[in-house]
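Chemist: In case you want the letters, here they are:
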Amino acid sequence: MIQHLTFLPILLPMLVGIILLMPPFGRTKTSRRITSVLLSTVSFLVSVALLLNVQANGTQVYAIGDWSAPFGIVLVADPLSTLLVCLTTFLGGVCVLYASAGDDEKGSFFHPLVHFLVLGVNGAFLTGDAFNLFVFFEVLLIASYALLMHGGDKKNTRAALHYVILNLVGSAIFLIALGILYGVLGTLNMADMAQKVALLQGDDVYLVKIGGLLLLVVFALKGALLPLHLWLANTYATAMPVVAALFAIMTKVGVYSMMRIYTLIFGDEAGELSQIAQSWLWWLALATIVMGTIGVLASKDLRKLTANLVIVSVGTLVALVAVQTIESSAAAIYYLVHSTLVTAALFILADLVSRQRGEASDRITAGPPIYQPRLLGFCFLVAGIAVVGMPPLSGFIAKVWLLRETLNAEYSMVFWPVYLLASLAVLVSVTKAGSTVFWHHQGKISQSAEQTRVHPAQLTALIILIACAPLMSIFAGPLSEYAIGAATQLHDFNSNIKLILLGDQ
Amino acid sequence: MFEWIISILLLIGGCFILVGSIGLVKMPDFYMRLHGPTKATTLGMASLLTAAMVFFSTTQAGLSIKEILISLFLLLTAPISGYMMIKSAIHHKLDCIERTKGIDNIEDDV
Amino acid sequence: MTLLWIPLISLLGSIISSMTGKLTRNQSTGLTLLMPVIALLMTINLAPAVFAGDVIRETFTWIPLLGIDIAFRLDGLALLFVFMILVIGILVIFYARYYLSSNDSMPKLYAYLMLFMTAMLGIVISNNVIQLWFFWELTSISSFLLISYWWHKSEAREGAIMALTVTGAGGLALLAGLLLLGDIVGSYNLDVILASRDIIHAHAWYEVTLILILLGAFTKSAQFPFHFWLPHAMAAPTPVSAYLHSATMVKAGVFLLARFYPALAGTDIWFIIVSFTGLATLLFGAYVALFKHDLKGLLAYSTISHLGLITLLFGLDTKLAAVAAIFHIINHATFKASLFMATGIIDHETGTRDMRKLNGLWRFMPYTATLAMVAAASMAGVPLLNGFLSKEMFFAETLHQQLLGSMSWLIPILATIAGAFAVAYSARFIHDVFFNGDPIDLPKQPSEPPRYMRVPIEVLVALCLVVGVVPNFIVDDILTAASVAVLGGVVPEFKVALWHGFNLPLMMSAIAVSGGLLLYTQRRHLFKFHDSLPSLNAKKAFDKILFAVMKWSEGKINAIENGSLQRYITLMLLVVLLFASWPLFEMSHLGGEKQLTPIDVHNAMGAALLMIGAFSTVIWYHSRVISLLMLSVVGLMVSIAFTRFSAPDLALTQLTVEVVTVILLMLALFFLPQHSPRESSSMRVLRDIGISTGLGIVIASICYALVTRPLDSISEFFLANAKTGGGGTNVVNVILVDFRGFDTLGEICVLGIAALGIYKLLANLPLLIPDRDSEGRPWAKERYPMLLASISQSLLPLALLVSFYIFLRGHNLPGGGFIAGLVTAVAFILQYIAHGSNWIAERLTINYRKIIAAGIAIALFTGVGSWFFGRPFMTTWFEYFDIPLIGEIELASALIFDIGVYITVVGSTLMILASLGQLTADEPKGEVKI
Amino acid sequence: MELLYASCVGVLVSCGVFLILRSRTFPVVLGLTMFSYAVNLFLFSAGRLSLNKAAVLGYSSEYADPLPQALVLTAIVIGFAMTAFVVILAIRGQADLGNDHVDGQVPDINSDEINDNDKKGNV
Amino acid sequence: MLETVMLIVFAMVGVSLLLNVWRLLVGPSVPDRILALDTMYINSIALIILYGMSMGTTLYFEAALLIAMLGFVSTVAVCKYLLRGDIIE
Amino acid sequence: MRLEAKYNWLPSPFLSLLLFIVWLFLNNSVSNGHIVLAIILAIIIPLATKPFRTKQPLIIKPGLAFRHLLLVLYDIITANVQVAILILGPTKKLTPGFVKVPLDLTHSMPITILASTVSLTPGTVSAEVYPWNESLTEDEEPQERFLLIHVLNLEDEQALINTIKERYEAPLKEIFQC
Ligand code: NA
Ligand code: NA
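Residue numbers (our numbering), protein chains in the order written: chain A, 1 to 505; chain B, 1 to 110; chain C, 1 to 930; chain D, 1 to 123; chain E, 1 to 89; chain F, 1 to 178.
FYI, nobody ran anything at the bench for these hints, they're computed from the structure. One or more of the hints may lead you astray.
Chain A is faced by these chain C residues, among others (derived, beta-carbon under 7 Å) [claimed, not checked]:
no., residue
1, Leu66
2, Trp151
3, Gly168
4, Glu554
5, Leu571
6, Glu586
7, Ile714
8, Asp743
9, Cys749
10, Ala754
11, Gly757
12, Ile846
13, Lys850
14, Ile851
15, Ala853
16, Ile856
As the structure is a prediction and not an experimental result, all values here were calculated from the model. Glycine included, C-beta positions come from ideal geometry on N, C-alpha and C.
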């Protein structure tokens, strides 16, 4: 079984999704919930096992159908992809648990769809094949479309229309890019592509350049990089919060793909095409941070605020990706995990807050007192401190790290002020939001507030998520070691090529 | 020999197909246009497919008779397509040319 | 371990006190006090070593990769601050016991206070600058919590936000500065940094680094023009103010100046920035303090002024100035804490802090008044009190500096003026509150406070006196130790004494005192003058700016994210156009070296039809049915193109998919308007035509560039191994079910999920079902035309046979599970059309959800099956069997996989259509279904 | 012929994109469908064009590149699933929002205003 | 001879297709266009069969068969749409 | 008239036969394997699709059916030549018309066959069957009906009606014995 471990993060969510559609597990509400939560846990544990295995034995390459690269599809479990797989299964589990308090019954197929989404995301992280990446993108997208409409209202429909149509165009562009890359390079395996890109000559270079840049469009859309970020705020803010929390991982798929493609295929070894996207990424990232920050300042409710925080985090991540050093990638990895978890927590908190504030919902205005102010207030404080990047939580380490690694980058004198001002704006906005929502009272606790008491499942999910921020700070030492290891592997062109194409450890 | 048979069948088929399409273009109202494609084209296809059957049976190893199936299918479905189309034309109260007889025979279907 | 324990104990105290909710107030206070007392004892235990010149260090690894350690360092400066923080902290906690009303949560205040204490302790004993920043930011957070302690009051909330904003901004600047500093030196270790003065000064980033760090310091210590948050932080309970504005928070800023003095000071830029900021703050604070009617407001501006004084001292280019600064830090802490506490008592006893109402309190609380008056006198710099000593030193140092060259005399004069104002506001504090007639409209009848509430003040006032009278006895050691830390070993001779003889500083003091008294007695004119000045309300301005920023952002966001999909898509397409066209222009030749194939008539005609279809779809897009018919032509031509260019599998797939799509669109059209209105302006249409033409040309060029180049691809492998390795001759199918079967697995998941999603979308859909078509015709009466109904029945078995045929041959010839599945689905769709969904529902009682799940499961388990043979997922297996009578047949795992595909396709397609059909199945037309 | 093929792809792209840029869901869906036809043809052509060389072993001596064909097949199926979803979403939009505008609300049909908006960039 | 004949027939089918397109574009009514499209479907079968014959391969037979089947279904669906609006009711 | 077949496992023998033949046609093969497969399919598919077939009269006289089929084929060919001439000739001379043919047939399947035949033969296209039945029930009530046909060139209405009734309807009545 151990040799198939690499495949399990894909197999399990698919299997769970199927199981949940069939009797006996899918029959009643309770059985669905128990099955879903339990098997999510199993999924997570398996991912962790894979991570340990990768740590112990190095990057694992799994040739599906026993067809080795570049002919067949291979899964590549390196430290980076496994870490993200762990993150995904973790988040999936938490969301499933949270939704088991009742959100899951506001529409059909919630649990299977979550597992299918996790399947898509895991697949996208693990695959070493460009077209297979497309397929998994589609899996995660279609699942996200369906989840987006879960328990939805009219606003939801409108946002979904935009999201779906934009992504359909995006998928078409993905295919065009793949067509170009295959048409010139004659291969689909990313490592093989990397190898061939390095040898390109003549006009072929420019064709591949188009392919590479079109991929940037696709990933920028998925990752919500300016100017393709416009869909995100509305989509995330109108989705059911637990779904939005789950979606926190989805923008990261776009960023991850950028890391892979622009480090492996168009990295330093790519000859004429080395770093084709770098300067684009860099400036777009900055612009994204600025736009996200403006969005944060303009946000009128907690969900919108969090959605805009997602945009800021994407900008920050992409800036780190653009720096293209091992250290900056390591910082990006740490920041990625941190920002995913904390934005997920904030979405969930926004949900709980809005339930207990009656008419005022999660709007940043005076409203009725919250029914459980201490619990939610404390959690919001923790999440807020983490998200604005203040000590002692994970956000501060991420901030220090990323500033440190961008210091010697080409345009640090632009990045630093932009980032620092953005941080300030985020600090002010989050503070103002928290203080208004929790402290500025108008009216009385509504009669029904007691019924909106945080459900044990919700509480557990919330605490698990919130606890990540201090834990990531306490264990920042080993985590940073891991991130550096992962980044080193990511940037090690020759060993990646050897490993994937020749199966050479 | 077979070449002759094939050629003739092909030509017949081609002619009927063409005639069907000419009818489609030439006839003055919808109801009259319908006749060409439902009948002439169907027969043309049958002829063409027979030609193909003969052709493949003679040029390739073994008998090739599956082309009959397409003919069968067309014979089965063409009248129904025509029926559905004329039904919708009647429903849309498409004009017939003035000299059409027996328009009163049409019942209002709403 | 001791150093670590100092903040740790304090943190523990925070946790403990937060859990004392059930205890009595005394128990709670006692438990809370325990921890700082322990810490104080531990510090006292360490003090001798520090006095002896040792620097105590402790390091624990935390994030070695980033150079962030948990490192502590106790030198004289740190020791001084630790003492101050702990002693005044203890007194404040004690004081708060009596200050808080029974409505206020004591554990909460204590927990926050202790947290704050932890943060302050952390700052002063950090030996790693990142760790220092860590605690620095913790003070911002905990002060936010403290200031907003009475969060139901808007001024508390807003004051807290303002404080956090300003100090947070400074914190960010500080972080930037520290990171630069660390980069310059190559370490975040404070020892290293302090020892690298020359490297730092010589570095190109020195100025930037310095300014950033100073920004941190100035915002925290409320230096002009960042001072405005401090008066509003007075919304906090008075014990909090007493703590934050005497010994801690604001002192963190001057601590930073002292801490980095050895590494950063000594350059012109340091002197200029620091001294000017200090001077401005000193004057401004002293001036404004006089005009505040609120007692705490007066103290707030006095604090600002005194911090300006300390800053100015650090900015003066003499070594003794730094010593004076440290000394004044101590003195200010003592008298300011006691003054705040006294103010708290007055507030507590009278219910107001407005000096226009507070008069003649001497009569009601003589003892408290005495204490307050002594402390205020110290603030004014009256001899025999500690404030006098440091002010003397200050005056002396202003005379020794050479900052402004020939204009250096300006500084002592300004210092004296500031001193006069300090005397004036101190006089106001004393006279206006305790004398000056009778109180006016006090909410409460004043009296002496509880006995123990005064104890902390007594302690502090006693300190003021003792230090003032016998300074050497009390502060010499600590002042020396701290000065050593700040000045780096070479401490100039200094003598803290009450009497230095008649000298210039003494004269300055005298002028200040008499000038101050004069100012106070003539205050009426001054107040008039002050009122005539334009009033600058910092809070209003801050709120206005914040509001403006938020409004501006909102405007920008609404303008950019205007909710127009068309704009979003346009943007995306423009990016695509840019990315795709720009490298095209770099190419030397678009076409490749491949021999072009001549155009034949068939292709030309096919192309013409395809283009006509495409253009017609666009031209008729306003009438949707026609547009849809035109699109069918395009679909048909595309599949014919696939046949033409040797892709039979694709042709089959395209055909079936196209028909199902058209049917779906037709189903949708029933619920949607039949016509698209003309809404776009002609400019818009032109622009869209521009974009689409541009994209068309670019994509066509790329396509041309591709097809005219030779290709060396991995496909040779598939052609070579399809039969031997995959057991099939239809290479495309072998790729689909074997080489890249994993893609197919993903693909059927997509299909299945889409079906689930659609089912979800259609649940509880309120639909207006039209009872006539767009031209007003009622629908035809006959629901299920008879001829169609009977012929479709006969077609079903035939279609199933054909689909089985297509399925079975797929591995070797064009066909396969997907196409077969769609054919089956289409056959059923025909039944739906001919008979309606109720009729089908009676006959086909299958749960499509389970069918889909089963299909994916079959495909998945086929893949997993290979595990039992010790091979990776989806390794195929095939074998040829010779069966008597029947002949040789091939069995392949790929076939089972394909069955999974088939089932999923059938299930998904039917689920989609059946869900749609079910929407209207039982509904009479023209009614709204809720 | 290569040029002709490329032109067809270009025309389909243009027409598809033009429709995608319309303001109502139905034309947009038509546009997406047409765009995906174009993309499929494009992806297919990445394996180059060949006449009568279907990749069925034994049917000719040379074979067309089978890989892009397999990719296109996958893309067609996925495209179908996506189109189906977006079609139903369009219905849902009509039901929820009462109109079929892609933004869920119909702007005032005042052509002058549309022109003004254009000038302001509010499109 | 067969080649010449095939060319002629190709041309005939081609002309037919163009005539169909003509009717499709001109209309005037929707049923007219449906009729034109239906005929186009059938004529494309002819085209494919002829193509298969000229290339000497039967690989494209299934495409022709499917056009026959699916063209029927789609014509029926459009007609049902015109008649009843709701094609699956 | 018979509505039910004799054997449960072979509900519609003619359909089974058709499927058997079609399978062999499709595969261009009469190998043992395909024959076995064809038999299996010929049994399974009708059984599986049985619920989707309304009860229809069975062909009682297969011989006559075959003869009728040949006749129709012949008519199709001649009819097409006639139509071709009409189409290519001057359209102004054509006098189209709608004709209502009263039907003796009552069941849907025979009527369908008749209507199809009419559509494929001389200048006529079936347009409607009156009156409409609202729904297709399992046991359809036999009902008197009319067939509305469109004639490309209507010369003698009654003669046309007679031809249709005698040439096409009568044999069908006999074949299905209804
Ligand atoms: Na007074
Ligand atoms: Na329906």
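Chemist: None of the hints should be skipped; say for each whether it holds.
Modeler: Hint check results:
At its closest, the beta carbon of Leu66(C) sits 6 Å from a beta carbon of chain A; the interface hint therefore holds under the 7 Å criterion. The interface hint given for Trp151(C) holds, since its Cβ lies 4 Å from the closest Cβ of chain A, which is under the 7 Å cut-off. Of the supplied interface hints, the one on Gly168(C) holds, with its beta-carbon coming within about 5 Å of a beta-carbon of chain A, less than 7 Å. With a cut of 7 Å, the hint placing Glu554(C) at the interface with chain A holds, because the nearest CB-to-CB distance is about 4 Å.
Satisfaction of the interface hint for Leu571(C) is found here, the shortest Cβ-Cβ separation to chain A being roughly 5 Å, below the 7 Å cut-off. Interface hint status for Glu586(C): upheld, as the beta-carbon distance to the closest one in chain A is roughly 5 Å, under 7 Å. Using the Cβ-Cβ criterion of 7 Å, the hint placing Ile714(C) at the interface with chain A is satisfied: the shortest such distance is roughly 5 Å. At a threshold of 7 Å, the smallest CB-CB gap from Asp743(C) to chain A is about 5 Å, leaving the interface hint in force.
Taking 7 Å as the C-beta contact cut-off toward chain A, the hint placing Cys749(C) at the interface holds, the least distance being around 5 Å. At a threshold of 7 Å, the smallest CB-CB gap from Ala754(C) to chain A is about 5 Å, leaving the interface hint in force. The beta carbon of Gly757(C) comes within 3 Å of a beta carbon in chain A, closer than 7 Å, and the hint placing it at the interface holds. The beta carbon of Ile846(C) comes no nearer than 13 Å to any beta carbon in chain A, farther than 7 Å, and the hint placing it at the interface is violated.
At a threshold of 7 Å, the smallest CB-CB gap from Lys850(C) to chain A is about 6 Å, leaving the interface hint in force. The interface hint given for Ile851(C) is violated, since its Cβ lies 10 Å from the closest Cβ of chain A, which is over the 7 Å cut-off. About 4 Å separates the beta-carbon of Ala853(C) from the nearest beta-carbon of chain A, less than 7 Å, and the hint is met. Here the hint on Ile856(C) is kept, as its CB sits about 6 Å from the closest CB of chain A, short of 7 Å.
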